[in-house]
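Heads up: the sequence lines are chains Y and Z, in that order.
Residue 313 in my numbering is what sits at position 313 of the first sequence, and the numbering runs on without skipping anything.
Residue 247 in my numbering is what sits at position 247 of the second sequence, and the numbering runs on without skipping anything.
Quick caveat, the hints were computed from the structure, so don't treat them as lab data.
Watch out, some of these pointers could steer you wrong.
[Unchecked claim] Now the stretches of chain Z that chain Y is said to cover, found in silico as 3 or more residues with beta-carbon under 8 angstroms: (1) 67 to 77; (2) 106 to 116; (3) 157 to 167; (4) 174 to 185.
[Unchecked claim] Here are the simulated lysine-lysine pairs, DSSO-like style, with alpha carbons at most 27 angstroms apart: (5) Z/Lys305 <-> Y/Lys516; (6) Y/Lys249 <-> Y/Lys324; (7) Y/Lys516 <-> Y/Lys526; (8) Z/Lys107 <-> Y/Lys531.
The beta carbon of each residue, even a glycine, is placed where N, CA and C say it ideally should be.
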Amino acid sequence: MGARQREISVSEFFTKNRHLLGFDNPRKALLTCVKEAVDNALDACEEAGILPDVLVKVEVVANGEAPLPPSQASRFRITVTDNGPGIIRQQIPPIFAKLLYGSKFHRLRMSRGQQGIGISAAGMYGQLTTGKPVQITSRTSARTPAHYFEVQIDTKKNEPLILEKKQIAWEFPRGTQVTMEVEGRYQKGRASVDEYIEETIIANPHVKLTYLTPEGETKEHPRTYHELPPAPREIKPHPYGIELGMLLKMLQDTKSHSVSGFLAADFSRVSPRLAEDICKAAGLSPRARPRDVHGQASETLYKTIQSTKIMAPPTNCLSPIGEKALLSGLYQQIKGDFYTAVSRPPAVYRGNPFVIEAGLAFGRGPEQAQESQEKKSIPLAEGEAEQNDHELARVIRYANRVPLLYQQAACAIYKGVLDTTWRNYGVSQSRGALPAGPMVIFVHMASVWVPFTSESKEAIADYDEIRKEITLALRECGRRLGAFLRRRERAAGEDRRRNIFELYIEEVVESCNRLKGGRLPTAKLKEQLQKMAMRRTGGEKTDEILGKNGSGPEGLPHSIIVTPEGVEGEVPALNGDAPGEAVPSNGGPEEEGKAGKPSRRTGKTSRRRRGKRETAGKPPRRAVRRKA
Amino acid sequence: MAQKARKPSAVEKKLVSVADVVIAAAQRRKDPTLAIPVRALSNVTFNARNGLIELGKRKQARSFFNVGMAKKFMQTVLVADALCELQRANLTTSLREIYYRTKHTIKNSHENTLDTQDESDPLIEDLEVTLAALREELHVRAENAGSVVGPLVLVDDGDRVDCARLGKGGYSVPSIVEPEYLQITRCTADFVLLVEKGTQWNRLSEDKFWRSHNCILLTGNGQPPRGVRRLARRLHEERQLPVYVLVDNDPWGYYIYSVIKQGSINLAFESQRMAIPKAKFIGLSSGDPESHGLPRNVGIKLNDKDIARARELLGYTWFQKKSWQEEIKRMLSSGLKYELDALANKDFQYLTKKYLPRKLKEKDWLD
């Protein structure tokens, strides 16, 4: 028996358990590969203080046969190019072909990647399904040459195998390009590559992203926010966030010579004085050597730390999107009538600081409202009237700016949305279901350590502290939505009132005339009734209530309201690219759109699944005008 | 419209008055308002003296300049217009045709004047009550949903109808049986038997029960329509015939009987000319299964709805007689209801040959 026991390498383990990393089926695998590469690119750019400019290309690989249409193809080549700082030559093989190798695991700082598994796992998946190595080109500056590598992973040893390495001439002055060939399936819709790209853009309006789809389309997403998010700082662990085992390990590894010094130096928010207090309370000499604290003593120390009152960890390690940028992302990517964004103040779970941000886009936008108006000109037959579609809201979830596309139901965000009583805010909601309505709910969790339920990072674990913050953020969004809906309702009500009387007067007068045998001075009766109608609906005052004189979205901070008359609230301007950025040369179809007015990705937003809503409302007025 | 100088009928004048309300209000810059009597349990009272359910005095205002009522007001005027058109053309029509006649899309909008017939039907009833005009006078008819056989001769549109010579099928009772339309020329029967169910009426008709007991057999197939009720009332009033009601033994049967006897809540304004306060409940009584030896297994368990309805009946003022309270409570305590058809368990002709003769002989009925 003993002879058969042997060590298992991480790579071997994950080869067999690839579903743990998000490679359970070909469709998801394709998404995971794209996601890992894009996340790495964005992390690299942001860390180096560069506004990211990313090109994603997914193409069908014919594999010797006649090329298949993308929906039927089973092999794809993914290429992700960024304008980041590049990677030095020696680091390239381990980064791309060694699992659990990375810069992000050991530090406490907010970043997309955490464990150093992602990109190498993607490469390993490609190697497993197609046998092809990962190709990397990287250049650190215009003065240095670009390095080209082809690497594979030695699954037994979890070590990189370099198949090819050379210096090449590269068109870009700086950056990294990764190419992988993987087995996958390209299908649009929910949890697709396209959706991932769209959602990424919403939470990262500072990114310029060009996506070349397998179908040969070029989707260009210009930068809509020209500031990099503030660089997050690295912090030391907070005493509340560690477990006993971790403390023991830290006691062994520390460079400090005394326990009190160790506490003060290796943890955040522990001052030398507090460290001495803790030692005293734990019955330890502050001078004791950390390596000498074992067994019972260490446990007492641990318990004392947990029961001591310590200030919450610093929050400058976080880099939330910010209300302005979030609003900008939502406004540019989703068609709607109302947008709002909320950033909660930082909070702490298990000693890890985090920030919850929530946003909301409601409605279908003025264009579609007009469309449905036009459709309604045909008289309706019995039973044909108002088919109220009860579509449910869409929840888009993010962790450290990365969209989460799978396992919605297991996620604390989804539960938070369900737990919010949307009915209080004028949105209908069945028991235990998402609220109904044309609505996109955005929730982002930024933290130094996002507690995922699995390695494939699909759902956020349900900590009470996190849930509470999510709920509070959603409630604030809901309150603002409620205020907006009430205002709109009131306006529509006034409008309807006036319309009703105007419409019905005609009918009543006609009928009366017929009853009187056609001998009625109809014009006079009509005028008398109309005068009364005008008086009763308040005449010009109604316009004021309707908000037609263009006052801002009162009392609704960080919100945008879109009406057929225009836009209220601070709308982010969409200028040309800021200076100092590489301007790509491909003149895609979207290019002209950038010149003047904001081009909203109307056709491509995920609203396409939605049915038309019949909005009882105003007749179409002027064309959309925007205070851009 | 303005053809010959025809003298407008009283009903026509009443309908035109709806237009007058609007015109007069507009002139005085007032909100045009119709006062419509409330048709609900809260606005009916049982008059123990004449044994009728009567409509109270409460009225609801339907005004035009009220967002909630504007549409209804407009529809009411439209319906009045359509009814007036009927008067002038001297036609009768159905509720559904009124609905179609008044339905159109409002100018400059996508809105229909009416969406379903459910909207126009109550408006006609509203106008009936408000204008104190009977549905027949408004020239609106329901479907023919009743039959009659027996020693009775009628004249309908000039045709002589001898109800003793119409085979098993009998004469189909039209919805309007007012003397202008239908005359009773001869009637030699001793009483009227109003049967709830068409199937049992068929049984009696086939067995020529009317001949052996010299009676008129009437049915309304369930809740009897106005025509049947009105015909029974006319026979009762003009020919002094007693009316016996034969219904299933369930709360719905009791209620059918009470509608025939005292009038209904919804049409309380018509009690005066429809109700037959002296009508008798001949069966099926909750005591009958025992006295006629019906086995328990032909009963049907009362469901929740039945029980709730029976409890409601117990509360109605016109069911307060001791005998009636006992009758309903007996059904509730047995927990079973019986259909008339269940009598076939004993014999196909049990109803004709045994049950009714015995009931009539023993004068075993409830008042």
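To see whether the hints hold, each was checked on the structure:
1. 67 to 77: As far as the region 67 to 77 of chain Z goes, the hint holds, because 6 residues have Cβ atoms under 8 angstroms from chain Y.
2. 106 to 116: Since three or more residues must qualify, the claim that chain Y covers the region 106 to 116 of chain Z holds, with 10 doing so at under 8 angstroms.
3. 157 to 167: n = 0 at 8 angstroms, threshold three: violated.
4. 174 to 185: violated (count 0)
5. Z/Lys305 <-> Y/Lys516: With Cα atoms ~49 angstroms apart, Z/Lys305 and Y/Lys516 exceed 27 angstroms; violated.
6. Y/Lys249 <-> Y/Lys324: 42 angstroms, violated
7. Y/Lys516 <-> Y/Lys526: Within the cut-off at roughly 15 angstroms; holds.
8. Z/Lys107 <-> Y/Lys531: 19 angstroms, holds
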